[in-house]
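Go ahead and model the full structure; you've got the sequences and the hints to work with.
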Amino acid sequence: TDTSNFTAANKIFLNNPQITLWRFEVVYTFTSETSSSALNFVINQPPYNGSCLINPHNGTTSTLFTVSCPDWFDEDGIKDYLFYVWTKDSSEKKMIAFSPISDFQVRLPSGDNQTSLLNIIIYIRDFLDCVVEVNMPSISIIPNSTEINNLINNLQSSSNEINYNSIAQLLFSGNQNIVGQIIISLSEEFNKMNSENVDKAISKGIPAATISISSLGSTSSQRTSIPLNASALIEYEKELNSQANVRDYLITFTNNLAITTSNSIKLQSASLAQLTQSTNQLTRTTVMLASNKCYELSLALHSMAKRIPYEDVQIASNQLIRCASNVLTAVNGPLQERTSLLNLDLSRANALPTDYDTDLEAEWSNLNLFANGNDFSIETIEKNRNIYYQKQLANEITLQTNKIISLLTSSLNIHLNIGQNSIMNRSEAFMSLETISINSLSNKQIQQIGNAQFNIPSNFNLNTNNNSTISIRSMMTPLAPFGNSKFQSNTNLSTSISLSILDKYGNEISIETNINQPIQLIIPRDPNVIIPSMIVQNVTSINSTLHNQLFYLNYINITNDLTIAVHFEIHPLNISLAYLFIYKFDQTPLLNSSTNFIDGWILFCPSNLTNESIYTYLINNQQTFGHQSLIFGLRELNSTEIIDFCSNSSYTNLPITDEGFNFTSNYELRIYTSGCYYLDSNNNWKSDGLIVGSLTNHYETECLATHLTTFAGGFIVLPSP
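In this note's numbering, the protein residues as written are 1 to 721.
Heads up, a few of these hints could be off.
Restraint ranges, calculated between C-beta atoms of paired labels, are given here [said to hold, decoys possible]: (1) 63 / 162: 16 to 26 angstroms; (2) 414 / 121: 25 to 35 angstroms; (3) 162 / 626: 44 to 54 angstroms; (4) 230 / 607: 43 to 53 angstroms; (5) 172 / 40: 21 to 31 angstroms; (6) 8 / 607: 54 to 64 angstroms; (7) 399 / 255: 15 to 25 angstroms; (8) 611 / 135: 46 to 56 angstroms.
With a Cα cut of at most 20 angstroms, we get these calculated SDA-like pairs of lysine to any residue [to be verified]: (9) 584 / 612; (10) 686 / 488; (11) 306 / 8; (12) 391 / 372; (13) 584 / 603; (14) 306 / 372; (15) 584 / 646; (16) 238 / 150; (17) 88 / 134; (18) 504 / 439; (19) 391 / 488; (20) 686 / 626; (21) 238 / 310; (22) 306 / 464; (23) 238 / 198; (24) 383 / 350; (25) 88 / 121; (26) 391 / 306; (27) 93 / 350; (28) 486 / 688; (29) 584 / 657; (30) 403 / 678; (31) 192 / 116; (32) 383 / 335; (33) 204 / 235; (34) 584 / 598; (35) 444 / 427; (36) 383 / 363.
Treat the hints as calculated values from the structure; they're not laboratory data. The structure displayed is predicted, hence computed values, not measured ones. Positions of the beta carbon are idealized from the N, C-alpha and C atoms, including for glycine.
Put into structure tokens, the structure is as follows:
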């Protein structure tokens, strides 16, 4: 082998627990001599001979539980006791407390929604980080609703009642165990309340895609539109803003928490991941403070990554990736018109700044930035000023998120050898990191959540002279960023996926392919996208009018600064019928015995129908590039033409006629556009070098690319022509 790396997987030690002394030896054989090098080490034994108890055995989120873990012994000394909890999935366990002593107290979040049971595991570590796990009996924890409602009411009060609130008093302690436990517990309750509020609004007719962003891997909660209850949105936004105000208050208590050890990072990152989970409830202040703290924690983790176990790095990184994804999704939600603008943001954006009288050049005072043309109304100015600051923060958060991801990538990579990977698969974000040889990149498929994927071709150019190992980082987040572009990209229903190839120093390596052997990627949309019903085209009624048209013509405006593909779906009400479809860009198509003035055509025969009895046709974005309009024509084939052209699969000529069209049955029509876009270094969406593939449908976009970066798919259903 040509590698200098060596990894001993833990399986070899777990399968041989009786062996404590190990020796690994490497023999180097040269032409004239042989030499060897050896490494001897002793397996560190975990703490032993102890037990753990928790009292009481049930309670509420306000109960103070006492944990006692006596009699543990280790020759290397006991370093700490780590307290983790989980409800349904043990892989989603989170730290609640850490203590250097065996007796400590904790406040716990509520248990499972159905059973109220909370699962507990305690880790006892020695000073060489060898761990023993103690699985505790599950205990029943229910939320203290009275205490939670008091907090909400006190925050809404104009007096200083909040300062005397029991929860606030605990938060003011500044103890990171107490603050972390309170924030995690409260956040989980508010996350449940938010889900209930969203579900209730959806049931009353509010489109799910306008008030929430679906978690990765989730299924649709709304496939069809239902009548809207007029008061539903008011009721929803009242609850939304009330809970957003609480999160805005809670985040301030994370600012000055000390970061002392990896335990600090794990606990604080867990509380931030929970606090930011409901991305529709995060004010700009919450987003900014959470992002800053996550960045600070990522820096701290990176500084100690070589001195702490991989498990600590992985646990902390997973929570910090969740936090980074949450704040990025939250700040882009209102810009993408996927979540509501919050009242607190609107009032803060339009409050007089403290330097209003002295800073005459302040953006806040420049009404031209916020007017809509000649519309300088107060309502317009205040709304656009709010959006202006939202865009500013979105750009800042994008930059900081990239820094966080880079730091976490570097921290994880320290512990990964060739052939190893680290995968974080959560509802808020997906990230995989894998170290491989360059040769292994050929024909490699990188799978994400759902059908999201990258497929690397066999031939490509990698911009590196180093033939050693590379790292592949794959990421997926629930919502595509709004970006800096002034162009309309229609990416608001798209997830965001990215793939990066890194050298051993963490520097990004560019990869290039040609369009004949592109990189294929599949970008899912939000599952709550609602596809409008197909519209019946009453073409049989035209038969009764005098006309000499050979085709029934329709016009589509395809003017767009970014390239788009156009998708046609035709459902014949009589599925035994066939049609000739023609089109022309920017002009009216004409096809008869003497003139062929078209840009493209296709014959729709019954054998081409999909399982849903629909004819489909794609005009991709390369074809539409540079055009402003598209006029398409359709005519029904007569029985003779169907026999001549549909029964003969080898036809090459068009069924041309000089007779006016005659439809014997109506058909339904739906037209939508899609796009493939990537983010450039200036956070602008671009479409050059990308092709919309034929696998694109209502729920995902296939892109064919010649390079790698961050991608999203555009999608919009056009009104009936």
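Hints, verified against the model:
no., hint, result
1, 63 / 162: 16 to 26 angstroms, "23 angstroms, holds"
2, 414 / 121: 25 to 35 angstroms, "26 angstroms, holds"
3, 162 / 626: 44 to 54 angstroms, "60 angstroms, violated"
4, 230 / 607: 43 to 53 angstroms, "49 angstroms, holds"
5, 172 / 40: 21 to 31 angstroms, "53 angstroms, violated"
6, 8 / 607: 54 to 64 angstroms, "59 angstroms, holds"
7, 399 / 255: 15 to 25 angstroms, "20 angstroms, holds"
8, 611 / 135: 46 to 56 angstroms, "49 angstroms, holds"
9, 584 / 612, "28 angstroms, violated"
10, 686 / 488, "11 angstroms, holds"
11, 306 / 8, "18 angstroms, holds"
12, 391 / 372, "16 angstroms, holds"
13, 584 / 603, "16 angstroms, holds"
14, 306 / 372, "54 angstroms, violated"
15, 584 / 646, "24 angstroms, violated"
16, 238 / 150, "17 angstroms, holds"
17, 88 / 134, "18 angstroms, holds"
18, 504 / 439, "16 angstroms, holds"
19, 391 / 488, "15 angstroms, holds"
20, 686 / 626, "15 angstroms, holds"
21, 238 / 310, "44 angstroms, violated"
22, 306 / 464, "26 angstroms, violated"
23, 238 / 198, "12 angstroms, holds"
24, 383 / 350, "9 angstroms, holds"
25, 88 / 121, "13 angstroms, holds"
26, 391 / 306, "37 angstroms, violated"
27, 93 / 350, "42 angstroms, violated"
28, 486 / 688, "16 angstroms, holds"
29, 584 / 657, "18 angstroms, holds"
30, 403 / 678, "19 angstroms, holds"
31, 192 / 116, "14 angstroms, holds"
32, 383 / 335, "12 angstroms, holds"
33, 204 / 235, "11 angstroms, holds"
34, 584 / 598, "5 angstroms, holds"
35, 444 / 427, "25 angstroms, violated"
36, 383 / 363, "15 angstroms, holds"
Hints 3, 5, 9, 14, 15, 21, 22, 26, 27 and 35 from the earlier list are contradicted by this structure; the remaining hints agree with it.
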